[in-house]
Amino acid sequence: MSVPRGLTGQAEITGDLNLACDAVIVGSGAGGATVAAELAEAGMDVIVLEEGGYHPTESFTAETGRALRTLYRDGGGGMAIGRPSVLYAEGRCVGGSTVVNGGMSWRTPARVLDRWAEQDGIKAIREKDLDPYFTEIESRLSVGRQDPETIGRDSELFKAGADAKGWNIVPNQRNQLHCAGTNSCTSGCPTGAKRSMLVTSVPRALSLGARLFADCRVDRVTRSGPAVTGVTGHVARPGGRTGPKITVRAGTVIVAGGAIQTPALLLRSGLRSVSGQLGRNLSLHPNAMVTAFFDEDVSGWHGVHQAFQIREFMAEGLLLTAVNLPPTMLAGILPAYGRELGALMADYNRIVTAGPLVTDTGTGRIRNVPGLGPQVFYRLTDSDAARMVRGVELTADALFAAGARRVLLPFDGAPEIRSPAEMRRLLARPVPKRSMQLYSIHLMGTARMSEDPRRGVVGSFGEFHGVSGLVVADASLFPGPVGMNPMETVIALAMRNAQRLIERLPS
Amino acid sequence: MREFGLMLSALPPVARKALAGALILLDQGARLYPPSRGRRFARLDDRVADAYIRALLARHDAAAEMVQRLKGVVTMCYYDLAEVQREIGYDPAPYIAAVSRRRLETYGPQIRAGEAAVTAGQPGPSPGPDPS
Numbered sequence: 000m001s002v003p004r005g006l007t008g009q010a011e012i013t014g015d016l017n018l019a020c021d022a023v024i025v026g027s028g029a030g031g032a033t034v035a036a037e038l039a040e041a042g043m044d045v046i047v048l049e050e051g052g053y054h055p056t057e058s059f060t061a062e063t064g065r066a067l068r069t070l071y072r073d074g075g076g077g078m079a080i081g082r083p084s085v086l087y088a089e090g091r092c093v094g095g096s097t098v099v100n101g102g103m104s105w106r107t108p109a110r111v112l113d114r115w116a117e118q119d120g121i122k123a124i125r126e127k128d129l130d131p132y133f134t135e136i137e138s139r140l141s142v143g144r145q146d147p148e149t150i151g152r153d154s155e156l157f158k159a160g161a162d163a164k165g166w167n168i169v170p171n172q173r174n175q176l177h178c179a180g181t182n183s184c185t186s187g188c189p190t191g192a193k194r195s196m197l198v199t200s201v202p203r204a205l206s207l208g209a210r211l212f213a214d215c216r217v218d219r220v221t222r223s224g225p226a227v228t229g230v231t232g233h234v235a236r237p238g239g240r241t242g243p244k245i246t247v248r249a250g251t252v253i254v255a256g257g258a259i260q261t262p263a264l265l266l267r268s269g270l271r272s273v274s275g276q277l278g279r280n281l282s283l284h285p286n287a288m289v290t291a292f293f294d295e296d297v298s299g300w301h302g303v304h305q306a307f308q309i310r311e312f313m314a315e316g317l318l319l320t321a322v323n324l325p326p327t328m329l330a331g332i333l334p335a336y337g338r339e340l341g342a343l344m345a346d347y348n349r350i351v352t353a354g355p356l357v358t359d360t361g362t363g364r365i366r367n368v369p370g371l372g373p374q375v376f377y378r379l380t381d382s383d384a385a386r387m388v389r390g391v392e393l394t395a396d397a398l399f400a401a402g403a404r405r406v407l408l409p410f411d412g413a414p415e416i417r418s419p420a421e422m423r424r425l426l427a428r429p430v431p432k433r434s435m436q437l438y439s440i441h442l443m444g445t446a447r448m449s450e451d452p453r454r455g456v457v458g459s460f461g462e463f464h465g466v467s468g469l470v471v472a473d474a475s476l477f478p479g480p481v482g483m484n485p486m487e488t489v490i491a492l493a494m495r496n497a498q499r500l501i502e503r504l505p506s
Numbered sequence: 000m001r002e003f004g005l006m007l008s009a010l011p012p013v014a015r016k017a018l019a020g021a022l023i024l025l026d027q028g029a030r031l032y033p034p035s036r037g038r039r040f041a042r043l044d045d046r047v048a049d050a051y052i053r054a055l056l057a058r059h060d061a062a063a064e065m066v067q068r069l070k071g072v073v074t075m076c077y078y079d080l081a082e083v084q085r086e087i088g089y090d091p092a093p094y095i096a097a098v099s100r101r102r103l104e105t106y107g108p109q110i111r112a113g114e115a116a117v118t119a120g121q122p123g124p125s126p127g128p129d130p131s
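Top line first, the protein sequences correspond to chains A and B. Under numbering that gives the first Met the number 0, the first sequence has 350 at position 351, and the numbering climbs by one with no breaks. Under numbering that gives the first Met the number 0, the second sequence has 58 at position 59, and the numbering climbs by one with no breaks.
So here's chain B without its partners, still in its complex pose (with noise of 0.2 Å):
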């Protein structure tokens, strides 16, 4: 919920009410939905559920597009728990800090050049005669 929250506060308000409006309307619009039987979306089953999805989706309508959106932002938020990613075999942070080094002991001198060349610029080319 935190990550959902933090990806919420990145969003332009306008964003933040219609991606919280479209939670609702997934929530509960599953009441409408024969085999829920009046249930709510939170209270179904993960095969009920699972099939409320789908039938929305084969829609292609706007309400198929808000499950994609409401889906990308809710997987986006879970999969960037760092307990997820390592159950799936992602860890970064060691491999970041292993590779930087090997840059740094294999290419230090020029890395250390090429960065000290930024400031140190000429003017771009000319454009040519001027046409007007």
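Isolated chain A (complex conformation) (with noise of 0.2 Å):
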């Protein structure tokens, strides 16, 4: 395995590291990675340091088991605490989450973007001041349609089922160099067609200057009265043992570890915000997955993971796609067990697996626990219950409408339904929230933005009010949710952050 000048992994790593650069950056995803780049090209010495370890696309294969134990935190097992509880997935690995996510490139949405300037003062975040950043973005990203014929026999009967309703249905917008269709996006994708920060910021970031260190927790922010100093931490070996120290002294932190270790590892720091937001407000856009079984043979891992998403009920905060899932994650999810289970996998390749995504109005929130770390708590709220079971039955007409011969439905309990009618008839009776099947990627809030430091965290460029030096650049930055897929809200405010630092640089 070759390994990029600049690039450190633990197994060079022999003793305690004493560094010192201009800029420190936690965390190598979507918001790190662009940070790094930005600021190497300014000429500032930049180091990345990275909890996950390096895997380049070579190493990627369609293995699940694989990509669950090197690329994701916890094995990709996270639970925010509820009734019900919600599982989410962090990537923790050089790239971060942008290596394992689905590659969907969206802008934020004008009035989210409005939202956030009116109700918290946000400054240079209307649409009009994003979209020099969305364009730059999208460029170097390679963010456009799929090549048709990467489009697989799921998404086709999805999109079919979208029109008969007559359902407004886009294709997706994809960070991708004429993807393959692998279907291999949550692996890891081993072609390296996903414009994952892993084959983009991170190497563009090493090839100006930039020193990246794998494998290396950031276990606390250092201050100096009301300014940063650095960070320290240490090596993680293999087996989740303790290696050397490392410390690192800059003038200036970003972190950008995403929604949960972000807040968390400020929170362990001694950091505290005057609004008592920091590591409140998480919103997760809760999704959930309705199976359908069709007749035809479907083998939806024969094309691109998503192509589609019903942007019909977008008013209601309902965002409906259809994604294929591995065996390997199909069988954790279904709502089934032993035999039963067994016999609904045989039909594997008759499957089409999509669901909605709800814009949630409930928060969550992080707590550093001892002994056990950042624990995650959510508190779904009626109304979002209401619309995931409306965007539940919604997804199930589209898949009816499509073909689908039957249809489980992801809340505990509930028998196999055979006809749109049939469903009506059980989702007329309440759906208890605590039998929902609940998921999330979308991690976003918990040091959210504000120019009011009563309200918010951080100011409008990502810096922590009240400590010098220090900026925030990842989805924790927002105010609220985007209602669609995060990514590029997150590096086109990472890429604004970034430069709003450079101009502040003495000249």
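Worth flagging that the hints you see were computed from the coordinates, not collected in a lab. There may be inaccurate statements among the hints.
Said to hold, decoys possible - A few chain B residues that face chain A, going by a derived Cβ cut-off under 8 Å, partial list only:
(1) Ser8
(2) Met75
(3) Tyr78
(4) Ile110
Cβ atoms here follow ideal geometry from the backbone N, Cα and C, with glycine treated the same way.
Dock chain to chain to rebuild the complex, using the hints, since each chain is given by itself in its own frame.
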């Protein structure tokens, strides 16, 4: 395995590290890698510390178990505790969650940006302000529609269902350079076609002189009075063993560990927000999976991970998508056990999985629990639960319209459904929240922006209120949910925050 | 078992212990389920084992959540086995090889140009006048 110049893994670190630089960046995902490349381009001496390992494109296969063990935090099995609990996944590797996401790349809706500007007084955040960033990102990451030969049968059926219902369905914009349609997005793209940070901003930052240390966990942000002085951490050895210590001295610290790890790090560093919002305000776009069985061979793994989105119900906060899941993941979420599960899985190639993503109104919080580390707590509101049920119903409607013979709903104890009428009868009764099987891959909002320190944790450009030199650059920044795939918003905000830092550098 | 061991090794120590504890609880807890007649879960026939799991799930409490989590890990490991995947008609490696070849044959020059552009990026746009 060839390792790029400037990248150091745990095996090469044999003793304590004492480093100094202009800016140290925690995390190498959508936010961290973007900031690293921008600052390095401006001539700053940049160090990136990434807790996960370096796994290059040539190491990626369709083996889901391998991916879960090496590319995800805690094997992909995070859980936001609540009724119901929500399973979530975070990437933990060089490139962060962009290595394992579906590669959907959408601009932040103007109405969301307007709300952020109006409610929190955030500066330079409206559509006209962010458009130049979006244009730049889409050029750098080759954002565009799929080549037609890569659209799988599951996506075609999903679209046929939406078309039959007369609903607005749009082809996905994805950061991909002629995606082959291997359907391996969540295991790491084996061709490198998905333009994750691993193959774009990370190599760009390294080529511009940034240094990246993989397998390095940051424990604390250090301060002297109201100004940051750097970070301390340790090398993460295989098997969870703790390796040598790391100390990085820097006048600028950029935290980009994602909406769970970022507030957790800041809280355990003793930082507090006047607003009390640090670690709170978590949104997670809860989603659920409807499983539909068709008479024909669908082989949903022959084609891109996700090709279309139903936008018909966006005003209600519902986005519907079809996503093929490998058997390893599907078996874990099907609401069946033992022989029943085996019988369902025997029909794997006749299955289409699809579901709603809800723009949530409820919030959760992150707490550092001694001995357990960061724990996530989340409350699904009654109105969000009602929208989840409606989203599931609409998804199943589309799948029946496409010819599905039977459908499994993501509610524990719900019987198999064979027609829309049968579904209506079932859903006429209340669906208990606790029976819902919910998932999330979009975690946002735990260090929210606001110009008012009594409302937010950071200012308009990610600068932590009351602490000099500390900047946040990930989805923690969002004042609320964006209602669609958040990656492009994260990158745009990170690029914008980096440019603001650069403009303030002494000339 | 190898897959299960590998998955356990990816978990933090606390989660590893919790999972092991949950497995023991599930196994020994079956003795308290009347139809099991004092047998542990591993000794139950399919019918009683299925009923035991359903009874736990119907409680919608911590025990139900534990069963769901365990099921997730165990089935994940089982369906990660290549022979099990082949049985249900999932064999992605040859497919990936074929479409990867097709991609290079069809779009080779554009792909090479796109990859070369990565390290030739320009600085990002400015956020405008400093409001402070």
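Review point. Which numbered hints turn out to be false for this structure?
Key: Of the numbered hints given earlier, the structure breaks none, since each of them holds.
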